[in-house]
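Trainee: Please build the complete structure, drawing on both the sequences and the hints.
Number of protein chains: 2
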Amino acid sequence: MSLGQGLTNFLTSDLYGLTAEEYSLGRSNIEIVEAMITAGIKVIQYREKEKKALYMYQECLKIRELTQAAGVTLIVNDHIDLALAVQADGVHIGQEDLPPQIVRQLIGTSMILGLSTHSPAQAEAAVQCGVVDYIGVGPIFATQTKKDVCEPVGLDYLDYVVKNIQLPFVAIGGIKMNNIAEVHRRGAKISALVTEIVSAQNIPEQVAAIRQSIYRSSC
Amino acid sequence: MSLGQGLTNFLTSDLYGLTAEEYSLGRSNIEIVEAMITAGIKVIQYREKEKKALYMYQECLKIRELTQAAGVTLIVNDHIDLALAVQADGVHIGQEDLPPQIVRQLIGTSMILGLSTHSPAQAEAAVQCGVVDYIGVGPIFATQTKKDVCEPVGLDYLDYVVKNIQLPFVAIGGIKMNNIAEVHRRGAKISALVTEIVSAQNIPEQVAAIRQSIYRSSC
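Line by line, the protein sequences are chains A and B. Counting from 8, one number per residue, gives the positions in the first sequence under the numbering used here. Counting from 8, one number per residue, gives the positions in the second sequence under the numbering used here.
A portion of the hints provided could be inaccurate.
Intra- or inter-copy, both count: the list cannot distinguish identical chains.
[Stated by the list, open to error] Subject to a maximum C-alpha distance of 25 angstroms in a straight line, what follows is the list of computed BS3-like cross-link-like pairs (lysine-lysine):
| hint | residue 1 | residue 2 |
| --- | --- | --- |
| 1 | K69 | K58 |
| 2 | K170 | K153 |
| 3 | K59 | K69 |
Hints were generated in silico from the structure; no laboratory data involved.
Mentor: This is the structure we're talking about:
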């Protein structure tokens, strides 16, 4: 997939899926990705903090095959070397990862670079550095999924980004069926949901219901 | 430093230093590397498991400057992206990291690739894969430094490597002042010591004493 195709998925999607094996009811990351693809999710991030690199590689290689065949954008969290090894469409980094300019040097110009931001200053810096393709905006609400996450920044930061930042962004953090309408009503085009998707028994049904919730927001 | 220069340091040295901040008596990895350089150690591995990538990068960048200026070979443990980002001389991986062939693709041909091995089968595989520049052989003795290490393989595995494996190797694991003579008498040319160096109050004096111990082995 070219950079353009990978980004187009991002720019035209409503949902951004992430793996989170410990919340996946005993299913593997691979099974979850298969279900997300079936559900029509077009952007999937492989996020895995615990496993040894070899097992992440083996798993992510399979996920790369599945996403490639389905025309789904695959973003790898944190591990630049893993992203390069499996030829992912992009990488997603946080504020305490390698600096974006350095990551851009490592990945070249044909991979998407996403950066988590938690404040107006971080969003402005992401714009200024000139190498970031999209930002994460959050955590909008309280979340238990990430262990090293900061306090929720609330809807105010989302409003700031919608009004002031030109970069594409994904809203993330504590977004659920019952609050996603508000997030999209305020201007988010795409939202990342973790447990609300991976913890569902039937992921395609759950995703359809989440999409209904977004749709209701625009009525 | 070219691949050749970096490897020459490896092939002509007796000691291989590693960082281990939690055993460094409150000194930073940077201070420890400075002391190792003063002590005349020519191969240093940056090993850091706990810190966020950004802080590893900032620290390792400084260590890269120090080692470069001193003509010391810098090897980065595990983190291929970090090694590339700081332009280290090489990377060192374990059996549960990205496969050596994949790592070689990521680092190109101008960086050293080291691989930990713990058995004759792993040493043979390292030779067969054709992309590894040196192997780690150990743990020779019991060690508490690494949390995810296997049981000591003892001197038998060292003897096997000396007799059967053509690749350069570094002996590692529980090597101390009082047993390094035996390791070198059996054919090791270079040994990696962690706590025995980083936990010394005066690292140059300690390294001189360790070298005396090796020297006594050849009498």
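Trainee: Tell me, please, which holds for K170 and K153 at an alpha-carbon limit of 25 angstroms: within, between, both or neither?
Mentor: neither (27 angstroms within a copy, 50 angstroms between copies)
Trainee: Since the copies are identical, ignore which copy is meant and state whether K59 and K69 lie within 25 angstroms (CA to CA) inside a copy, between copies, both or neither.
Mentor: within (16 angstroms within a copy, 27 angstroms between copies)
Trainee: Treating 25 angstroms as the Cα threshold, decide for K69 and K58: within, between, both or neither.
Mentor: Intra 15 angstroms, inter 29 angstroms, cutoff 25 angstroms: intra-copy only.
In the structure shown, a violation is registered for the earlier hint numbered 2 alone.
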